[in-house]
Amino acid sequence: MIHTVNKSPFERNSLDSCIRLSEKGSPILLLEDGVYAATSGTNVSDKVSDAAKDHPMYVMGPDLEARGIASDKIMDGITVVDYGGFVDLVVEHGAVNSWL
Amino acid sequence: MIHTVNKSPFERNSLDSCIRLSEKGSPILLLEDGVYAATSGTNVSDKVSDAAKDHPMYVMGPDLEARGIASDKIMDGITVVDYGGFVDLVVEHGAVNSWL
Amino acid sequence: MKFGIQVNEGPFTHQASDSAYHFVKAAIEKGHEVMRVFFYYDGVNNANKLSAPQADDRNLVKLWGELASEHNVDLVVCIAAALRRGIVEENLADGFRISGLGQLTEVGIAADRLVVFGD
Amino acid sequence: MKFGIQVNEGPFTHQASDSAYHFVKAAIEKGHEVMRVFFYYDGVNNANKLSAPQADDRNLVKLWGELASEHNVDLVVCIAAALRRGIVEENLADGFRISGLGQLTEVGIAADRLVVFGD
Amino acid sequence: MSEVEFDTAGVVKNFMYVNRKAPYGTIYALEVLEAVLISAAFEQNAAIVFVDDGVYQIKKDQDTTAINMKNFSPTYGIIEMEKEDAEEDEDMDMVWRIIVEKESMEARGLTPDDFKVEVEVLSSDELAKVMAEQEVVISG
Amino acid sequence: MSEVEFDTAGVVKNFMYVNRKAPYGTIYALEVLEAVLISAAFEQNAAIVFVDDGVYQIKKDQDTTAINMKNFSPTYGIIEMEKEDAEEDEDMDMVWRIIVEKESMEARGLTPDDFKVEVEVLSSDELAKVMAEQEVVISG
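Protein chains in written order, with the numbering used here: chain V, 3 to 102; chain D, 3 to 102; chain G, 3 to 121; chain P, 3 to 121; chain S, 950 to 1089; chain F, 950 to 1089.
The following block holds chain V by itself, in its conformation from the complex (with noise of 0.2 Å):
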């Protein structure tokens, strides 16, 4: 199972959620506002960089660019991918568990 989170960090509990109700070792896909987690020292970077201990971190590289995110503050451990790299996730992680 692969988790995604579309929701600010600082705005939800989405990712929160995703964090407490996911299997460790289980992906989770940052797309849309949720790219915010990905981001170096913001007050909720501590908990995400823990989360990435436990999850292969990936976050989409559009909505990082149409935010104005450079790459140079995305976390270590955290991957970059678009689209067709978001489609080959789903292929090889099976089920697919939005956190809406």
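Keep in mind that the hints are not guaranteed to be accurate.
To be verified - The following label-pair restraints were derived from C-beta to C-beta distances: (1) F:T1014 with D:A72: 49 to 57 Å; (2) S:D1062 with D:G87: 27 to 35 Å; (3) S:D956 with V:H95: 24 to 32 Å; (4) S:K1078 with V:D52: 15 to 23 Å; (5) V:D84 with D:D90: 49 to 57 Å; (6) P:K64 with G:M3: 43 to 51 Å; (7) S:D1012 with D:D90: 20 to 28 Å; (8) V:H95 with F:P1061: 35 to 43 Å; (9) D:V93 with F:V1044: 26 to 34 Å; (10) F:D1062 with S:T1014: 25 to 33 Å; (11) G:M3 with D:E25: 19 to 27 Å; (12) D:K49 with S:D1062: 46 to 54 Å; (13) V:T81 with S:D1040: 45 to 53 Å; (14) F:G1058 with D:E25: 26 to 34 Å.
To be verified - Derived DSS-like pairs: lysine-lysine, alpha-carbon spacing no greater than 27 Å straight-line: (15) V:K55 with S:K1051; (16) G:K51 with S:K962; (17) P:K4 with S:K962; (18) P:K27 with F:K1019; (19) D:K49 with F:K1051; (20) F:K1019 with P:K51.
Treat the hints as calculated values from the structure; they're not laboratory data.
Glycine residues also receive a C-beta, built at the ideal position from the N, C-alpha and C atoms.
Given chain V's structure and the hints, the job is docking chains D, G, P, S and F onto it.
Just chains D, G, P, S and F now, kept in the frame of chain V:
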């Protein structure tokens, strides 16, 4: 100025922002999914009762009833109003700041 | 007192339009004047006359229209927001009119209170 | 691999429909099959043929329709959700069809993956 | 457009419906219920899960008279009946579960007595395991 | 329906536009901008406030090519120009302010250098005072 919050305090940051950015003494009205903040015994109750020391707090009765929240579950110091009461509050307190 | 109302969401998906409707009704019952309800963002969907809710549910499109005709409330749908979302004269419900965003600023100036309902 | 897609929001107000569209396009480019896109909740507004975005913005209603005709994607609008929101044959865009909610369960069973986009 | 039909005969999958939103403030709770009910006709397994504000959906004593919206909470009773029917019917393999996350329930000061249907209360860790076994996830 | 017109001649009010949402994930940021620009034609005061995820709206270097949505961030530059024009025009009383809440900015690891327009950075307490003086609040 009167402030309204229509979002659940568990799901979003609207109530937090409203409390942070409203002046002491200005009333706060909870409506729609915001009414859950008025219930006792939750893990946001302490935060809300602290806010109620600085702000007259009101909650929409029709929204409580719809959600099956009995009046004995409402925290002390929060006043239940109906739509007419909402109108009266707006008449009395001037501009309305809706924390959507 | 004179009220202006802004509605940011369509019927059904969010409660905003319901809350706005009940507020407007209560204000009128208390003898206040509601000068204008301005439908912005997805709020323009409140004016879709093709909306056909289930028989046991409320029909907000119709309720807004009735309120307008009974109490002379000006229901304005923002033209820019409406064009994007496919609300045009062809499917505009009775009681609504389509106009520019200046109508929001105007009621903000003219009314004693502007109350915003949204998500 | 066979994909099913669920879209819960309309065009413009939320990014969900854009993300779904780009996902579907990428899946097809990679040689996968997208069996059906099911439009639920406000997602039914993606099928409003009266939608007329500004000239410098994307037109999702049209883009979905083109995708359907070029790649034989079945675009299904939920009838119950559509009736509430005023999407009927009269304003249904090319490439979409209106059908029952069973079509969502069906594609959930038939596809290898169901991916949901929403708010 | 003409009807497109897929062959689903004999296939049973694990469907999960994740309810994370409060009722009435948004319509998601109501419309996801309609999707759950339809899946019964296809005899699919269903895990109907209530987490976060979704636990409020099954709160007892909902009365929508004053907000003039449709009270759809009786539908949860229909889902409970479908579940019980499936359990009693020996010819039916379909398994339905109604699950509440303990942490979400407790954070909101609720107990199983507050709910209008009988539920399984699972901890986050237990629920995470159940979620991981699902094949089709509908987020409402 | 025929046009309804209200007499607004000579009235200047304090309008506040509260931006709390990130751009692109939802359309609120874009459409509230259109409302701000219109108010210039009415020569109204405007406090354009960015709090919470709203601060992301004015982030530099937005490039929407890959998501194929309209990049509306240049509009903030137009608002900045309207503000400067109003300041320089002696015949115009209209005052516009572009305000960012310090706490929201810092929580997101941002500094004024990250923004594409010049802003006043106010603390929560300072902003609360400004908010309390407003007469018309548009929440986008």
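Verification of the hints:
1. Distance hint check for T1014 of chain F and A72 of chain D: the Cβ-Cβ separation is about 54 Å, which falls inside the suggested range of 49 to 57 Å.
2. Remark: the range hint 27 to 35 Å for D1062 of chain S to G87 of chain D is upheld by a beta-carbon distance near 31 Å.
3. Distance hint check: the CB atoms of D956 of chain S and H95 of chain V are about 26 Å apart, consistent with the given range 24 to 32 Å.
4. For the pair K1078 of chain S and D52 of chain V, the supplied restraint of 15 to 23 Å holds, since their beta-carbon distance comes to about 21 Å.
5. Between D84 of chain V and D90 of chain D, the C-beta spacing of about 54 Å keeps the proposed range 49 to 57 Å intact.
6. Roughly 46 Å separates the CB atoms of K64 of chain P and M3 of chain G, a value that falls within the hinted 43 to 51 Å.
7. At roughly 24 Å, the beta-carbon separation of D1012 of chain S and D90 of chain D lies within the given 20 to 28 Å, and the hint holds.
8. Checked against the hint of 35 to 43 Å, the pair H95 of chain V and P1061 of chain F passes, with Cβ atoms roughly 41 Å apart.
9. The hint said 26 to 34 Å for the Cβ distance between V93 of chain D and V1044 of chain F, and at roughly 28 Å that hint holds.
10. Hint check: D1062 of chain F to T1014 of chain S, Cβ distance near 55 Å, so the stated range 25 to 33 Å is violated.
11. Range check, M3 of chain G to E25 of chain D: about 23 Å between beta-carbon atoms, so the 19 to 27 Å window is met.
12. Our hint of 46 to 54 Å for K49 of chain D and D1062 of chain S is violated, since their Cβ atoms are close to 26 Å apart.
13. Against the hinted window of 45 to 53 Å, the Cβ-Cβ separation of T81 of chain V and D1040 of chain S comes to about 48 Å, which satisfies the hint.
14. Between G1058 of chain F and E25 of chain D, the C-beta spacing of about 28 Å keeps the proposed range 26 to 34 Å intact.
15. At most 27 Å may separate the alpha-carbon atoms for a hinted pair to count; K55 of chain V and K1051 of chain S meet this at roughly 25 Å.
16. Under the criterion of a C-alpha separation no larger than 27 Å, the hint pairing K51 of chain G with K962 of chain S is inconsistent with the structure, at around 40 Å.
17. The straight-line distance between the Cα atoms of K4 of chain P and K962 of chain S is roughly 15 Å, inside the 27 Å bound, and the hint therefore holds.
18. Proximity of K27 of chain P to K1019 of chain F is assessed by CA-CA distance (about 19 Å); at most 27 Å being required, the pair is judged to hold.
19. Between K49 of chain D and K1051 of chain F the CA atoms are separated by roughly 22 Å; this keeps the pair inside 27 Å, and the hint holds.
20. The suggested pairing of K1019 of chain F with K51 of chain P holds, with an alpha-carbon distance near 20 Å, which does not exceed 27 Å.
Checked against the numbered hints above, the structure breaks hints 10, 12 and 16 and satisfies the rest.
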